[in-house]
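Residue numbers (this note's numbering), protein chains in the order written: chain A, 1 to 135; chain B, 1 to 110; chain C, 1 to 101.
Worth flagging that the hints you see were computed from the coordinates, not collected in a lab. It is possible that some hints are incorrect.
A short list of chain A residues far from chain B (calculated; beta carbon distances all over 12 Å) [as the list claims (entries may be wrong)]:
hint, residue
1, Ile4
2, Leu29
3, Ala33
4, Lys53
5, Gly72
6, Asp75
7, Thr87
8, Glu102
9, Ala123
List of simulated lysine-lysine pairs, DSS-like, C-alpha gap at most 25 Å [claimed, not checked]:
hint, chain 1, residue 1, chain 2, residue 2
10, C, Lys54, C, Lys9
11, B, Lys105, B, Lys95
12, B, Lys69, A, Lys5
13, B, Lys73, B, Lys34
14, A, Lys111, A, Lys52
15, B, Lys83, B, Lys72
16, C, Lys77, C, Lys48
17, B, Lys69, A, Lys111
18, B, Lys69, B, Lys95
19, B, Lys72, A, Lys78
20, B, Lys26, A, Lys111
21, A, Lys62, A, Lys52
22, C, Lys54, C, Lys77
23, A, Lys78, B, Lys69
24, A, Lys62, B, Lys26
25, B, Lys105, B, Lys72
26, B, Lys34, B, Lys95
27, B, Lys26, B, Lys79
28, C, Lys77, C, Lys9
29, A, Lys62, B, Lys105
30, C, Lys54, C, Lys80
31, B, Lys95, B, Lys83
32, C, Lys9, C, Lys48
33, B, Lys105, B, Lys79
34, B, Lys26, A, Lys78
35, A, Lys53, A, Lys111
36, B, Lys72, A, Lys111
37, A, Lys6, A, Lys111
38, B, Lys69, A, Lys6
39, B, Lys83, A, Lys62
40, B, Lys69, B, Lys83
We put the beta carbon where it would ideally sit given N, CA and C, even for glycine.
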Amino acid sequence: MSEIKKFLYVNRKAPYGTIYALESLEVVLIGAAFDQDVSLAFLDDGVFQLLKKQDTAGIGVKNFSPTFRALGDYDVTKFYVEQESLTERGLTADDLMDITYEDEDDDYEEKPSIRVVNRDEMAAIMGDQDVVLSF
Amino acid sequence: MSYQVNGTTVEHDEEGYITTLSDWSKDLAEVIAKQEDINMNEEHWEVVNFLRDYYEEYQIAPAVRVLIKAVKKTMGPEKGNNKYMYELFPYGPAKQACKIAGLPKPTGCV
Amino acid sequence: MSTLHTVNKSPFATTTLASCLNHALEGDAILLIEDGVYGGVVGTELAKALAAAKGVSLYVLSGDLTARGIDTARLVKGMKPIDYAGFVALATEHDRAQAWL
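Can you make the complete structure from the sequences, with help from the hints?
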C-alpha cells in the first residue's frame with residue numbers, strides 16, 4: 001500500500017463555455033479509483049458549475065451537473081466553495097445544488113458535501129495539499 | 001459498424017457501445033446481449049435497469065465498485081457483490097452491462 | 001510548506017493573477033509565464049496588488065518576457081527574471097506547484 005496523498009482539484013471556470021469543467025470532473029472520476037484523499041475547490045467562475053436547475057437541452061451539450069451528486073459514491077465528499085466568489089456573482093449557498101454523501105463512519109447518515117469557506121480558508125486549504133490540479 | 005434490430009440500423013463504436021443513447025430499446029438490448037454471449041434473464045434485466053436509472057439520475061455510467069456498492073444498498077448484499085455480478089456479466093458488470101444498457105463506457109474503465 | 005504558483009494569462013484578459021494573489025500565502029512564490037508576463041510591469045492596476053503581496057517572491061520567465069518585447073527595466077520592483085533552469089529550481093524548492101489557468 002502506498003501512502004495516501006491529499007489531492008485538490010481547483011475549479012475556476014464556468015461549465016459550458018470551455019471544456020475545463022467537464023475535463024476536471026472526468027479526471028476526478030478516473031482519479032477516484034486510486035483511493036486518495038480528494039477535495040474539490042470551487043472559486044471564481046468555478047462556482048457556476050454547482051448552480052441548480054442547469055438545463056442544456058437548448059445548446060446540444062450534455063448537462064453534467066447531476067454527476068456532481070454521484071461523487072459521494074466515489075468517496076469524494078469535500079466540495080469547498082469560496083464565499084467571496086459567490087458574493088461577487090450575486091449568489092448565495094442556496095443557489096447551489098444539494099450535494100450529499102453517506103458517512104460510512106456515522107451509520108451512513110446523509111451529510112452535505114458542500115462547505116462554504118472564506119478566501120483565507122480557501123488559501124489555507126490550497127496550502128495544505130500534496131497535489132493541486134487546476135482546471 | 002451497426003446492430004440490426006427490427007429492421008432498423010443502430011450505429012455503435014469499435015467496442016460495441018451504441019453511439020446515440022436514445023437509439024436504445026429492450027429489443028436492442030437483447031441483440032447486444034446475444035453478441036456478448038449473454039442470455040438475458042430477470043437477474044440481468046434487474047442490473048441493466050438499475051444502470052439505466054443510475055444514468056438517468058446522475059448522467060454517468062458508474063465504475064464497477066460504485067455499481068456494486070449501489071446495488072448492495074438497494075438490492076441487498078446477496079446481489080451487491082463481485083461474485084454475483086461477474087456470474088451475470090463475466091466480462092465485467094460495468095463494461096458489459098453498460099453496453100447492453102445502451103450507456104457509454106464507464107469513465108475510468110480501460 | 002510552500003507553493004509555487006504559475007500564472008499564464010494576461011491580467012487584462014482574465015482575473016487569474018488577481019485570484020492567485022488573493023490565495024498566495026507567505027513563503028510562496030509566483031512565477032509569471034506566457035501571457036502572464038504582461039502582469040509584471042509597472043504602471044498597471046495590478047502593480048499595487050503585486051507590491052502588497054507581502055512575503056511572496058515574484059518571478060517572471062525571461063524568455064516569455066523578451067519574446068513579447070518587454071524590457072526587464074519595466075518590471076515591478078522585486079520581480080526577478082529567471083530562465084528555464086531557474087523555473088526547475090523553483091519547482092524543486094517548493095512543496096507543490098499550482099497552475100493558475
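To see whether the hints hold, each was checked on the structure:
| no. | hint | in the structure |
| --- | --- | --- |
| 1 | Ile4 | holds (17 Å) |
| 2 | Leu29 | violated (4 Å) |
| 3 | Ala33 | violated (5 Å) |
| 4 | Lys53 | holds (15 Å) |
| 5 | Gly72 | violated (10 Å) |
| 6 | Asp75 | violated (9 Å) |
| 7 | Thr87 | holds (29 Å) |
| 8 | Glu102 | violated (9 Å) |
| 9 | Ala123 | holds (31 Å) |
| 10 | Lys54(C) <-> Lys9(C) | holds (22 Å) |
| 11 | Lys105(B) <-> Lys95(B) | holds (6 Å) |
| 12 | Lys69(B) <-> Lys5(A) | holds (24 Å) |
| 13 | Lys73(B) <-> Lys34(B) | violated (29 Å) |
| 14 | Lys111(A) <-> Lys52(A) | holds (18 Å) |
| 15 | Lys83(B) <-> Lys72(B) | holds (12 Å) |
| 16 | Lys77(C) <-> Lys48(C) | holds (11 Å) |
| 17 | Lys69(B) <-> Lys111(A) | holds (18 Å) |
| 18 | Lys69(B) <-> Lys95(B) | holds (16 Å) |
| 19 | Lys72(B) <-> Lys78(A) | holds (24 Å) |
| 20 | Lys26(B) <-> Lys111(A) | violated (37 Å) |
| 21 | Lys62(A) <-> Lys52(A) | holds (15 Å) |
| 22 | Lys54(C) <-> Lys77(C) | holds (13 Å) |
| 23 | Lys78(A) <-> Lys69(B) | holds (20 Å) |
| 24 | Lys62(A) <-> Lys26(B) | holds (24 Å) |
| 25 | Lys105(B) <-> Lys72(B) | holds (21 Å) |
| 26 | Lys34(B) <-> Lys95(B) | holds (15 Å) |
| 27 | Lys26(B) <-> Lys79(B) | holds (22 Å) |
| 28 | Lys77(C) <-> Lys9(C) | holds (21 Å) |
| 29 | Lys62(A) <-> Lys105(B) | holds (16 Å) |
| 30 | Lys54(C) <-> Lys80(C) | holds (15 Å) |
| 31 | Lys95(B) <-> Lys83(B) | holds (15 Å) |
| 32 | Lys9(C) <-> Lys48(C) | holds (18 Å) |
| 33 | Lys105(B) <-> Lys79(B) | holds (22 Å) |
| 34 | Lys26(B) <-> Lys78(A) | violated (38 Å) |
| 35 | Lys53(A) <-> Lys111(A) | holds (21 Å) |
| 36 | Lys72(B) <-> Lys111(A) | holds (20 Å) |
| 37 | Lys6(A) <-> Lys111(A) | holds (21 Å) |
| 38 | Lys69(B) <-> Lys6(A) | holds (24 Å) |
| 39 | Lys83(B) <-> Lys62(A) | violated (34 Å) |
| 40 | Lys69(B) <-> Lys83(B) | holds (13 Å) |
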